[in-house]
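Here the structure of chain A is known, so what remains is to put chain B in place on it, guided by the hints.
So the protein sequences, as listed, match chains A and B.
Quick note: the first sequence uses the numbering used here, first residue 1, plus one each step.
Quick note: the second sequence uses the numbering used here, first residue 1, plus one each step.
Keep in mind the hints are simulated off the structure, nothing from the lab.
Don't take each hint at face value.
Unchecked claim - For the chain A half of the interface with chain B, some residues (derived, Cβ under 7 Å), not all of them:
(1) Ala-28
(2) Asn-30
(3) Gln-64
(4) Asp-77
(5) Asn-124
Claimed, not checked - Computed cross-link-like contacts, EDC-like style, restricted to lysine to aspartate or glutamate with a CA-CA straight-line distance of at most 20 Å:
(6) Lys-94(B) with Asp-125(B)
(7) Lys-138(B) with Asp-49(B)
(8) Lys-108(B) with Asp-146(B)
(9) Lys-14(A) with Asp-27(A)
(10) Lys-93(B) with Asp-27(A)
(11) Lys-101(A) with Asp-145(A)
(12) Lys-101(A) with Asp-125(B)
(13) Lys-93(B) with Asp-123(B)
(14) Lys-94(B) with Asp-27(A)
(15) Lys-14(A) with Glu-110(B)
(16) Lys-138(B) with Glu-34(B)
(17) Lys-45(B) with Glu-34(B)
(18) Lys-108(B) with Glu-34(B)
(19) Lys-45(B) with Asp-140(B)
(20) Lys-93(B) with Asp-145(A)
(21) Lys-108(B) with Glu-71(B)
(22) Lys-100(A) with Glu-71(B)
(23) Lys-138(B) with Glu-110(B)
Don't be surprised by glycine CBs; every beta carbon is placed ideally from N, CA and C.
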Amino acid sequence: MPTNNLALNSFLGKPISDICGNHYANDADNHCAHFVSHVMGYGFGVTCLTMFRGKAPGANIRVQEIFPKCPTVGTWDSKPQDMTTCLVFITNAGNVDLAKKVMSNVPRKHVGIYLSGLIYHYSNTQHRVVQQTPEQFSHHYAAPDNAMFYGSLP
Amino acid sequence: MTRVWILASALAAVSCSAGSSSQDKAGGTGAQHEVRVAHQPPTAKDVIDAVIASGGVALSVSPTCNNVGTEPSDSTIGRYLAGFMAELSNPDKKNWIETQVESGVSAKGEPVSICRLTLRHLDGDDRWGWGVQFHVRKSDGLVLADSFTCTGAG
Numbered sequence: 001m002p003t004n005n006l007a008l009n010s011f012l013g014k015p016i017s018d019i020c021g022n023h024y025a026n027d028a029d030n031h032c033a034h035f036v037s038h039v040m041g042y043g044f045g046v047t048c049l050t051m052f053r054g055k056a057p058g059a060n061i062r063v064q065e066i067f068p069k070c071p072t073v074g075t076w077d078s079k080p081q082d083m084t085t086c087l088v089f090i091t092n093a094g095n096v097d098l099a100k101k102v103m104s105n106v107p108r109k110h111v112g113i114y115l116s117g118l119i120y121h122y123s124n125t126q127h128r129v130v131q132q133t134p135e136q137f138s139h140h141y142a143a144p145d146n147a148m149f150y151g152s153l154p
Numbered sequence: 001m002t003r004v005w006i007l008a009s010a011l012a013a014v015s016c017s018a019g020s021s022s023q024d025k026a027g028g029t030g031a032q033h034e035v036r037v038a039h040q041p042p043t044a045k046d047v048i049d050a051v052i053a054s055g056g057v058a059l060s061v062s063p064t065c066n067n068v069g070t071e072p073s074d075s076t077i078g079r080y081l082a083g084f085m086a087e088l089s090n091p092d093k094k095n096w097i098e099t100q101v102e103s104g105v106s107a108k109g110e111p112v113s114i115c116r117l118t119l120r121h122l123d124g125d126d127r128w129g130w131g132v133q134f135h136v137r138k139s140d141g142l143v144l145a146d147s148f149t150c151t152g153a154g
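Pulled out of the complex, with its shape left as it was, chain A reads as follows (with noise of 0.2 Å):
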C-alpha cells in the first residue's frame, strides 16, 4: 500500500492492461475502482478475478463496495484537516447516504486517492492513471454530479 507521493507517482501514465495482471482491461469498462483496489490491495466483493480469469491478486471494481468499506466518510469540505491520505469519492449528493454509509451504484460516480493535496485517479477517457488537485477532480463530472466525498482508508 503506497504511503508517499513518489510510490504513487510511478502509477501515473499508466494504462489498466498494465496493472492488473488478471488483464481485466477492457477499455469501454470503467477501471476508477479498479486501479484504486489494485494500488491500495482491496480484494473484498466483486473482483477482477470474479469477472476474468486470471493468477493474480483479486482487486475490487466497485465504487459502491468500497465506499462503505471505509471506517469514516464525509463530505470533502468535513475531512479533517490531519487527514493527509484518504479516498476521495466524487458523484450526485442524492446517491450518498452518510448516516447509512451506503452510495447507490448511479453510473456518473468516481473514485480516486488523495495523497498530501493531490488526487490520483484513473482516467476512463485518456486510459491512464493521472494526477490532479483537489480542484481540478471537482469538475471531473458537471454539477449536480461532482459532490465530493471523503473516506479514510480501509
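Below, chain B alone, put in the same frame as chain A:
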C-alpha cells in the same frame, strides 16, 4: 435507440408484473416460470429475450448482484437493468447492447452456453458496462435462473 427503449419497457413491464411475487420470494431466484431459448447456441436476440423473460429473478441470486441497483430498493434483475437503461435517453451519447455466448459447464457439470448481456454507455468519463451473465442448458435450452450473476465495474 428505439430498440433500447423497447427493451427497457419490456423489462420494466416484466419487473412490474413480477414485482410483488419477487418481493415475497426474497432469498430465492423469484423466477415466475421456466424460460427457454429459441435456438442453440443462443443468438443475440435469444440472449436479450431470455433476460427480458427473467426480469423477475431476485438480485439475491448472487453476491455479485448485491447493491447493483441504481436505487437501494431495487430487488430484481429487471429493476437493476431498467435503472441503467433509463440512463440511455440522450440521443447525442453513445450507447450499445453487447451480447456474448460461449460454451461452458454449469455448477452441476451440465454442458451450458454461458451468455452475457452488457448495456454500455460512453460519454467521456461517464463510461460503464453493466449487465448480467447466465447459463442456458444445452440439452433443452433452459435458462438456469439460479446461474444469474451481475457484471460491471465502476
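Taking the hints in turn, this is what the structure says about them:
Among the interface hints, the one on Ala-28(A) holds; its C-beta lies about 6 Å from the nearest C-beta in chain B, closer than the 7 Å criterion. Nearest Cβ of chain B to the Cβ of Asn-30(A): about 3 Å, under the 7 Å cut. The hint holds. For the restraint placing Gln-64(A) at the interface with chain B, the shortest Cβ-Cβ distance is roughly 6 Å, inside the 7 Å limit, so the hint holds. Below 7 Å, beta-carbon pairs count as interface contacts, and Asp-77(A) has none with chain B, the closest being about 23 Å; its hint is therefore violated.
With its C-beta approaching chain B no nearer than about 5 Å, Asn-124(A) sits inside the 7 Å limit, and its interface hint holds. Straight-line distance between C-alpha atoms of Lys-94(B) and Asp-125(B) comes to about 12 Å, which keeps the hinted pair within the 20 Å bound. With a C-alpha separation of about 17 Å, the suggested pairing of Lys-138(B) with Asp-49(B) holds against the 20 Å cut-off. A hinted pair counts as satisfied when its Cα atoms are at most 20 Å apart, and Lys-108(B) with Asp-146(B) qualifies at roughly 12 Å.
This hinted pair checks out: Lys-14(A) and Asp-27(A) have alpha carbons roughly 13 Å apart, not beyond 20 Å. Straight-line distance between C-alpha atoms of Lys-93(B) and Asp-27(A) comes to about 17 Å, which keeps the hinted pair within the 20 Å bound. The suggested pairing of Lys-101(A) with Asp-145(A) holds, with an alpha-carbon distance near 18 Å, which does not exceed 20 Å. Our distance criterion of 20 Å between C-alpha atoms is broken by Lys-101(A) and Asp-125(B), whose separation comes to about 24 Å.
For the given pair, Lys-93(B) sits about 6 Å from Asp-123(B) by alpha-carbon distance, which is consistent with the 20 Å threshold. Between the alpha carbons of Lys-94(B) and Asp-27(A) the distance comes to roughly 14 Å, so the proposed pair stays at or under 20 Å and holds. With a C-alpha separation of about 41 Å, the suggested pair Lys-14(A) and Glu-110(B) falls outside the 20 Å cut-off, and the hint is violated. Taking the CA atoms of Lys-138(B) and Glu-34(B), the gap is near 15 Å; set against the 20 Å cutoff, the hint holds.
Taken as a hint, the Lys-45(B) and Glu-34(B) pair is honoured in the structure, with Cα atoms around 18 Å apart against an allowance of 20 Å. Note on Lys-108(B) and Glu-34(B): the hinted pairing holds, with a Cα-Cα distance of about 18 Å set against a maximum of 20 Å. A distance of roughly 18 Å separates the Cα atoms of Lys-45(B) and Asp-140(B); the hinted pair therefore holds under the 20 Å criterion. Only pairs whose Cα atoms come within 20 Å are accepted, and Lys-93(B) paired with Asp-145(A) is accepted, the gap being roughly 17 Å.
Proposed proximity of Lys-108(B) and Glu-71(B) is contradicted: the alpha carbons are some 33 Å apart, above 20 Å. Pair hint Lys-100(A) plus Glu-71(B) holds up; C-alpha atoms about 14 Å apart against a cutoff of 20 Å. Between Lys-138(B) and Glu-110(B), the direct Cα distance comes to roughly 8 Å. Compliance with the 20 Å bound is thereby established for this hinted pair.
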